[in-house]
Amino acid sequence: MNLMPHVTLPKVGTAEAWREAARACLSARIPPEAITWSRGPGEAVLWAEDEPPPAPKVGAIRVPENFVHLAAQVVWHKDPERFARLYAVLWRLRTESGLMQDPADKDLTALRQMERAVHRDLHKLKAFVRFREIGDRTAPRRRFAAWFEPAHFTLEPAAPFFARRFADMDWLIATPDLVARFEDGVTTFEEGAEKPDLPDDAAEDLWLTYFRNIFNPARVKTARMLAEMPKRYWKNLPETAAIPDLLANAETRVRAMAEAAPTRAPFYAKAIAARPAPPRTPLAAPGLISALKEEEDACTRCPLHAHATQAVPGEGPLDAALMMVGEQPGDQEDLAGRPFVGPAGQLFDQILRDTGIDRSKVFLTNAVKHFKYTIKGVRRIHQSPNGGEISACKWWLQQEVSLVRPKLLVALGASAAESLTGSRDGILKRRGTVESGPDGIPVFLTVHPSFLLRLPDPVAKELETEKFRQDLTAAREHLDKLMAA
Amino acid sequence: MNVMSAPNLQEKLAILSDAARYDASCASSGTSRRDSRDGKGLGSTDGNGICHSFTPDGRCVSLLKILMTNFCIFDCAYCVNRVSSNVQRARFTPEEVVTLTLEFYRRNYIEGLFLSSGIIRSPDDTMRDMVRIVRTLREEHDFRGYIHLKTIPGADPALVAEAGLYADRLSVNIELPTEQSLADFAPEKKPAEIRKHMADIRLGREAASDRSLQGTAAPRFAPAGQSTQMIVGADATNDATILQQSARLYGSYGLKRVYYSAFSPIPDSTAKLPLVTPPLLREHRLYQADWLMRFYEFSPDEIAQDGNLDLQIDPKLAWALRNRQHFPVDVQRAPREMLLRVPGFGTRTVDRVLQTRRHRGLRYDDLLRMGASLKKARPFITLPDWSPGALTDSADLRARFAPEPEQLSLF
Chain A
2 MNLMPHVTLP KVGTAEAWRE AARACLSARI PPEAITWSRG PGEAVLWAED EPPPAPKVGA
62 IRVPENFVHL AAQVVWHKDP ERFARLYAVL WRLRTESGLM QDPADKDLTA LRQMERAVHR
122 DLHKLKAFVR FREIGDRTAP RRRFAAWFEP AHFTLEPAAP FFARRFADMD WLIATPDLVA
182 RFEDGVTTFE EGAEKPDLPD DAAEDLWLTY FRNIFNPARV KTARMLAEMP KRYWKNLPET
242 AAIPDLLANA ETRVRAMAEA APTRAPFYAK AIAARPAPPR TPLAAPGLIS ALKEEEDACT
302 RCPLHAHATQ AVPGEGPLDA ALMMVGEQPG DQEDLAGRPF VGPAGQLFDQ ILRDTGIDRS
362 KVFLTNAVKH FKYTIKGVRR IHQSPNGGEI SACKWWLQQE VSLVRPKLLV ALGASAAESL
422 TGSRDGILKR RGTVESGPDG IPVFLTVHPS FLLRLPDPVA KELETEKFRQ DLTAAREHLD
482 KLMAA
Chain B
458 MNVMSAPNLQ EKLAILSDAA RYDASCASSG TSRRDSRDGK GLGSTDGNGI CHSFTPDGRC
518 VSLLKILMTN FCIFDCAYCV NRVSSNVQRA RFTPEEVVTL TLEFYRRNYI EGLFLSSGII
578 RSPDDTMRDM VRIVRTLREE HDFRGYIHLK TIPGADPALV AEAGLYADRL SVNIELPTEQ
638 SLADFAPEKK PAEIRKHMAD IRLGREAASD RSLQGTAAPR FAPAGQSTQM IVGADATNDA
698 TILQQSARLY GSYGLKRVYY SAFSPIPDST AKLPLVTPPL LREHRLYQAD WLMRFYEFSP
758 DEIAQDGNLD LQIDPKLAWA LRNRQHFPVD VQRAPREMLL RVPGFGTRTV DRVLQTRRHR
818 GLRYDDLLRM GASLKKARPF ITLPDWSPGA LTDSADLRAR FAPEPEQLSL F
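Residue numbers (my numbering), protein chains in the order written: chain A, 2 to 486; chain B, 458 to 868.
Bear in mind the hints are in silico, worked out from the structure with no lab data behind them.
Check each hint, because a few of them may be wrong.
[Said to hold, decoys possible] Simulated crosslink set (PhoX-like; lysine-lysine; CA at most 25 Å straight-line):
#1 K271(A) <-> K646(B)
#2 K833(B) <-> K107(A)
#3 K232(A) <-> K196(A)
#4 K377(A) <-> K713(B)
#5 K127(A) <-> K647(B)
#6 K107(A) <-> K832(B)
#7 K271(A) <-> K647(B)
#8 K377(A) <-> K408(A)
[What the hints assert, rightly or not] Here are the simulated distance ranges between beta carbons:
#9 P676(B) <-> V187(A): 56 to 62 Å
#10 P731(B) <-> E252(A): 42 to 48 Å
#11 V460(A) <-> M795(B): 37 to 43 Å
#12 A203(A) <-> P551(B): 18 to 24 Å
#13 D667(B) <-> Q384(A): 45 to 51 Å
#14 S28(A) <-> R805(B): 52 to 58 Å
#15 A615(B) <-> A299(A): 49 to 55 Å
#16 G427(A) <-> R805(B): 51 to 57 Å
[Said to hold, decoys possible] Quick look at which bits of chain A chain B covers, simulated, 3 or more residues with Cβ under 8 Å:
#17 241–250
#18 356–366
#19 408–416
#20 432–444
#21 452–462
Idealized CB from N, CA, C, for every residue including glycine.
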């Protein structure tokens, strides 16, 4: 009778040891049916033969990375067959290169189930370990200990998590299989132990108080609690002692709340109500006409106010000779409360510099003060304002024009043209010309800078940008003439 | 004269966690990775939050969720802490909050702190005190666990900017789905202030993710993002309006989550807002619908076509039943966006289908192994070894899924 090789893996460092042994067996071409595995000498094996496994051979064995990750979890499963199942898939991988890409393979599905079970148990261990303080509270390194009963062999892979989290204290986690000890920054493992007697910890009473009071008796969902915190964990979770009472009294508490008649407000409520409203930080952005900002924020002349963040008022010196009017704030302007700060605004700034116009001397504003948009997925998509919205907001633009009394208005795009001249038609034909606007102030017409951003063809974009530069230069020259007159 | 002894820590904790239980969020995921292996500080985060316990309401206990104080000068009808309520009041000292957080954390009870507060004196004063607590945790105690700070609308943006340096998540509650409801039930809260606050947080996050020309990272700012909470069932707003509001909030402020909180009985309620059984099923359907908007490319108008969600079946199934002209879907050929609309297919199933069908054909059993819920999917798909026949269009299809009508009971 042929002796079946048997691999006994150590209780600590199981993952690396399995990997090494599996490599060795694979390079020796030992088929899965000819080998047995166990973790520690005590774990049940189907064949109790003692043939040692072959010595590892040097040589590159290429294994897909996702198998390595899968194996690194599955080895902690308590199923005695886990090593054999892993090795069987590893064996198949020699010839079936696409195996890991098949989400429906039966052997892999079984391993993935084990992986999930280990993952869940690891998660529960990290969640449900409850430390008690076992040392002097004032010592430079405080000491804590816990007892836990995991469903799989998950203490070793979980230990680094506790080491990362609780590095400034010493701790010990005891399980029936293994004990992890962390002292002065070093983790060591020992054989499993009986449940230790841990001293009472006053913090546990506070924790139970918190647990009792964060529970809402009006929304009992016991099944959900049990799904996430199965009863098998309860005996090591101090807070579960409160659960029976919480459940027993929930209905009475809710009924009492419902039946209680409304009470009179406490004596201090009236005094507080009589106090002047507390100061609130005004919403105004650092624009120069913040007086209008508050009024514009309160505006409900059209429905746009309801969904925008805020009104975006004009910005610039109140004695500006040049006032430029865009269409409406965009996404960034809506957030910041300032005009022309988004992508179109940045392009506009650049072109203003090219044409020798000093932005700080221009009053910049929009025909419509609130951002109009639709939602697509999780983005806001700009929508042009309609005639009604432009006309509702014209009142505000008129306020700004009356305050600033510029020598020249520049209408950027059709919406501004509509607000300032009454017509949005044929803007490409009218660009570069001057028409009469509010209070008889001349209006120079051109396109909106966002028009340039929307051109996909770089050549067309450069051509149009140059035309826009020429328009703005012409507007500046026109202003110079007006100023000289 | 009413003489009361000052409550001790245990009593304060009872009062101020009782008052905090109406905040739905307990998330502690998605923040930057940190640990304390250098042996100096305490705590770690690795991107995935941990639920350390579960209360019998089925909710996860991940954070120490408390109010700094439940004194409040506002009079919001739905709130247990409104000024006109007679609930017992308490206030933690900053040291008490810090100690509770650290001692709970050391015993592995929690992932960190979720600090909220009633408004005392003014939004600025309240916010300043809260920021002091989180600054102490971070700077004096080198606490590296998770912190969620509920910011106070109307507070100085400079305080919000400071809060963002210490907190993993910032949130500001939208409270109710419409401006009118807010005006009716929370007259001191200003929707415009709330939106402005959310905008400031988004801008703070965007500024922090920009790298300077030298390649140095800006100081971190709320790396786990911002969220909000909306109370459902206190006012008469329908689900379509709620979901449209959520879609706008996600789109406008880059929120990580909108939490829906079924209006739940509170002690000492007001005559203005009678207590009802909390609409838990509706809340559940809203979460499902919210999920469909964020991960399945559904728009709010498609999901809540008739104004309100179907309580008996989930919103994806309800959509499929209303739109049977699109089904059955050929699993071997359908594009991703159509596979995502199949009831019983999650995003993971869809990814696995797409991956596998590049290599080989798919069978019914494959889908089972991939984690699809075929009981739901069956009428809506075809495979080489499965055809739903007349099932897709059968008149009683809805009845097969809807539970038997029963009296919905709270217990």
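Of all the hints numbered above, which does this structure not satisfy? Sort the numbers upward.
5, 8, 9, 10, 13, 14, 15, 18, 19, 20 and 21
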